[in-house]
Amino acid sequence: MIATKIIPDFSQPAHIDQVGIEERASRFTKRSIKNETKLNGLKLALNMIDLTTLEGKDTDGKVRQLCYKALHLHDAYPGLPTVAAICVYPSMVNVAKKALGDSGVKVAAVATAFPSGQAPRDVKIRDTKFAVQQGADEIDMVISRGKFLQGEYNFVFDEIATIKEACGDARLKVILETGELVTYDKVRKASDIAMYAGADFIKTSTGKISPAATMPVTLVMLEAIRDFYYKTGKRIAMKPAGGISKSKLALHYLVMLNEVLGEEWMNNHWFRFGASSLANDILMQLMKQRTGVYQSANYFSID
Amino acid sequence: MAITEKRLEVLKTYKIYIGGQFPRTESGRYYVATNNKSEKLANVCLGSRKDFRDAVVAARGAFGGWSGRAAFNRGQILYRIAEMLEGRKAQFIDELMKQDANRAQAEKEVNLAIDRLIYYSGWCDKFQQISSAVNPVASSHFNFSSPEPMGVVAAIAPQNDSLIGLVSLIAPLIAGGNTCIVLASNAKPLCAVTFAEVLNSSDLPGGVVNILTGKVAELAPFFADHMDVNATVYCEPDAEIQKMIREKSSLNVKRVVLYDKVKWLTDAAQSPYFINDFQEIKTTWHPIENIGGAKAGY
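First to last, the protein sequences are chains G and V.
Mapping of the first sequence onto our numbering: residues 1 to 303, in sequence order.
Mapping of the second sequence onto our numbering: residues 304 to 601, in sequence order.
Since the hints were made in silico from the structure, they are not lab data.
Being a predicted model, the structure only gives us computed values, none of them experimental.
It is possible that some hints are incorrect.
[As the list claims (entries may be wrong)] Short, incomplete list of chain V residues facing chain G, as computed with Cβ under 7 Å:
id : residue
1  : R356
2  : V360
3  : N446
4  : D528
5  : D531
[As the list claims (entries may be wrong)] List time: in silico DSS-like cross-link candidates among lysine-lysine, alpha-carbon distance up to 27 Å:
id : chain 1 : residue 1 : chain 2 : residue 2
6  : G       : K248      : G       : K34
7  : G       : K248      : V       : K318
8  : G       : K34       : V       : K518
9  : G       : K62       : G       : K186
10 : G       : K288      : V       : K551
[What the hints assert, rightly or not] Ranges of calculated distance between the beta carbons of each label pair, as one might list FRET restraints:
id : chain 1 : residue 1 : chain 2 : residue 2 : range
11 : V       : M400      : G       : I302      : 36 to 44 Å
12 : V       : T316      : G       : Y68       : 49 to 57 Å
13 : G       : D185      : V       : D428      : 24 to 32 Å
The C-beta atom is built at its ideal place from N, Cα and C for all residues, glycine as well.
So here's chain G without its partners, still in its complex pose (with noise of 0.2 Å):
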């Protein structure tokens, strides 16, 4: 922690080159992909996966349906790897942690008045509070979008670190909400605020603003995480959420990981993709790739 002490000023702009993020992230959609590396690339997006429900009208019986799922997969297909993660509201987490047992999927809890996070700073402690107490593996914040955008960078931060000082053990994924950051330079400094406030994740979205994770903003915190490990050399993990509901958009986005930041970051501990219909595509495209036969939805699960 002595080297992360050095906190740069956020006062000073950051300065993101719009066009050369957009052009660069664009170039990642163009590798080419044999075969085998595809099916190795599938399995492991769908290990990365936080398998999510978020909605106001959960249930205990959906969320167990949802859990059943995580570690079924698919049973058509033996030796599917499960998700990394179920990602609920901190309500629901006692019923989750039950339902996965000891099966090392881990519980992740949206906190912190998810997802405006317009509450006081004490109901945002006692709301990561219960969701850790319930047995949360991993928090998910929102940071105050607008102090940010207020240019009030110290409450953001102090926040941040607040909530993680709540979180105890559990590892804390902050999320920006990008969609109403706007620019490429409110991304990077935010990502950086989040990083040296102690945040374990950043994270793009919430999932309920449009536009939600794209490739050139999880470009631009890929960056910002990079040269965040350059400068302390802690490695900080990146979870997009929201809007990648596609497979090939999934290989995308491990393509531009593995480009941007290496294979130590190639597993689930160090990115994570927050989705909930990703899973089926890939489930098609694998057993495409296993019978040679298009598949249809009507064959897989619905949660």
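For this one, chain G is given, so just place chain V on it according to the hints.
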């Protein structure tokens, strides 16, 4: 410098039709369509299995909206297709003649295609009545059967009769609320692509009809084994391909319809039974009390 008398003609690029758009084939391949005298007519997309895959995704996406429309509205849209075709008659006659028909044959085929669209336009909200039934049952139930569209149909159009064959396949399919992917005649693909332009300008939602061009032998296996396709149609007498289609279709129990004996230019090639070929009959048991004093069990 004097202006040259002869203007360089702007030729049409014959592209495929997927999801209401005209992309080139994903594979980048093409073949040369010729007439009987081996004169070059056009470069045509040599569609690939991935084009087919994309077309199935488009057709599946369009199915809910299309089958959920009022049957009367589907009839209006079929009528609109006929109107648009009428307006571009000359172009179709010209293309048929390029593909070796004489003028009389070409005119007959185009007129018949228009009339057939009108015919099926009328059936859109009527075939349900003739193939539905109220069934007598031995309990206190109101029991009725009615047809429902099967879903996504993959059809390989007849190789001859390139326009009337195509129209006679598509019209009953979409009249019944299905969406489809049709592989046009390989030797005579010009009209099919132009017909896609007619569809595109006639209120038909994108994805309801998707038209590909390419080789039958290459694409037929995928038409038959795609798990998200509900029925396959084949119109040639080639026994080997028929067998292959039957075998591969068994994977997800697709319905296989063979139209190898249909004469597309005759009246026998139009009837509400062509619509019924791609319908499932759903029977509903609705509990009731006895009606009008009649006891259950008649």
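Against which earlier hints does the structure fall short, listed by number upward? Violated hints: 2, 3, 9, 11 and 13; rest satisfied.
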